[in-house]
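Colleague: Take a look at the letters that make up each chain.
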Amino acid sequence: MLSLFKKTLTTGIVTEKCKAPKDDELEALGITIKRRIDKKFSGSIAIRAVDAGSCNGCELEIHALNNPFYDIERFGIHFVASPRHADVLLVTGPVSRHMQTALLRTYEATPNPKWVVAVGDCAVCGGEFGQSYACCGAVSNVIPVDVTISGCPPTPLALMKGLLGLLDR
Amino acid sequence: MNWTTIFLTQHVGWIDPEMPDKPIGDYIGGVAHHSPLNNVAVWQIEDKHWQQFAITAVAENLRWVAGWAEQANEQFIVNASFEKNGVYMVLRTAINASKPELPSQATVYPAANRSERHTQDMFGIHFIGHPDNRRWTRHQAWDKHQYPLRKDFPVQGEPAEITPPDMHYDFVKGYGAGVYEIPVGPVHAGIIEPGHFRFQAVGELILNLEERLGYVHKGIEKIAEGRTPESLARLAGRISGDTTVGHCWAACMAMEQAAGVEIPSRAAFIRGILAERERIANHLGDMGAICNDVAFTFAQMQFTRLRELWLRTHASVFGHRLLMDVIIPTGVSRDVSEQSCELLKKDSVMLRKELADIMTAIDLNSSLEDRLYTAGYLSPDIAAAFGTVGYVGRASGQNFDVRRDATYPPYDQVTFKVALEDQGDIASRFWVRHKEINASLKLIEQFIQLLPEGEISTPWTTPTIDSEGLGIVDGFRGEIISYVRFDTDNKIARFYPRDPSIVNWPVLEKLVLNNIVPDFPVCNKSLNGSYSGNDL
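Taken in sequence, the protein lines are chains A and B. Once you know that position 158 of the first sequence is 158 in the numbering used here, the rest is easy, because the numbers rise by one and skip nothing. Once you know that position 394 of the second sequence is 394 in the numbering used here, the rest is easy, because the numbers rise by one and skip nothing.
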């Protein structure tokens, strides 16, 4: 047990400062609705991540948001286990047709007001997979999308900026 | 002597009936002019012997590796790959497209089960005597009598506006007093890929588990057709995001074989560094996640911290946190400078030191031992019967590693130890990963030390039509097989990647038995199958 405490103490706090995104950065992320969201969610958002056919690359980087360097919970952003608890759906992947109904139902199960963030190139525009007999392409082909965060996959920093853009600044 | 020689002398009766007067030796790997694949033997047999071959093969302890099919005019070409002692072979047969059926090998090899069902769904080939002929990859996105990988199926298909959910899959039922069913997924509670698990339980005890995957089927095999080599490499790098290096390497290796391109030695060493760094990054993530699933947050935080540091070095040295698109056909796209080598070396020293601290703290933690030891037990017998590969196999005594047993550059120029455990429980799969990290660190150091000077890529030669290649590499999950056949004009005619998850997923159904439902997440994480790599 002592070695555990020792390691914790010697590691210290590695969490990094993260500046709130500037206006031009927000524009690049396609966020034009931030003021509206500020009022609705009062500085805290609950996220339900939905993998709709991703290669798992985006999930790895979404996971990284919870590591001690980014520690996204300090901004009041946390991931929840059910869409019924969520304000925001974080959707990845080129929406495989086998996941289409599941995504629609998850969207319906999320209470209003709700926002959809499409994460990664696949979710934003279909990416490497595009539209086919097996994929619907962009998430916006299936449910309304409010914010897009591109990248293959987007870095945790890009994700963080995109999500902070949804919050009160 | 090579087992293929012995095998052929004993069982030559039905190999290649069309050319009976050719000497046996001509059909054995190494004799390039008779084998369309220059690294493995290809044996063409009559379709009626398909199952008979499997019966003989299993008696000779051959491991069933992969199965895939292809349409060629009025015929379907069906392939199955086998391995023994690190020597691979491909069994091939042609069947008539008007009545496509073939005796099933799944009756003999459980590993062939889902693969044959995939082929059945994608090509409409009926496997006679298959123990379970329910659909597998097909849900409701295309009709029962349509087969996406046939040539007459357009890549866009005819999808409905909204694809209905897959409601009527015939799950195994449990009966009896107190037996109840738990359906889980496709959308899971965590940030993980989608798939469905159906449990039958009594109290907390799992009586049976059935996996229903296919939710992230993206038509990778279909959209690969007609791509250029560069474009296929990009696609291969996105079969499973965590194995981007592994899949990309396997696909490039297959394409390079087909084109007869030999990559520069420096490129091979850089690929080796990439693959081992990917292995370490994923093992760190998995070890943290296993601890997290038994609520040991200290380890989760420490491992995710180390993983983050590791990925940041990826970004600074190779320009991408997950190392996507660094491997290209003909070599690699980024060189490593002297300075980068120093950074990589320092990184290895750092990780070794950090891990020593953390593993000591973990090893002394009895609450972790309580949860991980004896849980999720996979016996060596079952692991062998299912042809389990990678850390799942190696934690259950399956002493096989492509890097050592069917070696390829740069692994042929270094020495390393393959991690092995035989307890078969979650703790074994945890410790095997730790051992593999240490082995990989040593490998990276050797690669940097031996890194030859020279080019990092070589010119591409357009392969002739029907050139084939079979890439076999060891990804972080284990053996990856990648089959490529070229069309005219440098275009891909057929691409089939076999992720290690395809053979490892079925054993999850076995290793959870007699565990309690709350231990399923940690059992699942200890296997960490790729949904995307499985569903294609």
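Fair warning: there could be bad hints in the mix.
Said to hold, decoys possible - Cut-off 30 Å, straight-line C-alpha distance, at most; resulting in silico cross-link-like pairs (DSSO-like, lysine-lysine):
{"hint": "1", "chain 1": "B", "residue 1": "Lys99", "chain 2": "B", "residue 2": "Lys144"}
{"hint": "2", "chain 1": "A", "residue 1": "Lys6", "chain 2": "B", "residue 2": "Lys144"}
{"hint": "3", "chain 1": "A", "residue 1": "Lys6", "chain 2": "B", "residue 2": "Lys435"}
{"hint": "4", "chain 1": "A", "residue 1": "Lys7", "chain 2": "A", "residue 2": "Lys114"}
{"hint": "5", "chain 1": "B", "residue 1": "Lys99", "chain 2": "A", "residue 2": "Lys6"}
Unchecked claim - For each label pair, taking beta carbons as the anchor points, the in silico distance ranges come out as:
{"hint": "6", "chain 1": "A", "residue 1": "Arg105", "chain 2": "B", "residue 2": "Phe171", "range": "18 to 28 Å"}
{"hint": "7", "chain 1": "A", "residue 1": "Arg105", "chain 2": "B", "residue 2": "Arg150", "range": "53 to 63 Å"}
{"hint": "8", "chain 1": "A", "residue 1": "Asn141", "chain 2": "B", "residue 2": "Phe416", "range": "22 to 32 Å"}
Keep in mind the hints are simulated off the structure, nothing from the lab. Please read these numbers as outputs of a predicted model, since none were measured by experiment. A virtual CB, placed ideally from N, CA and C, is assigned to each residue, including glycine.
Colleague: If you check each hint against the structure, which ones fail?
Modeller: Going through the list in order, the structure violates hints 2, 4, 5, 7 and 8 and respects the others.
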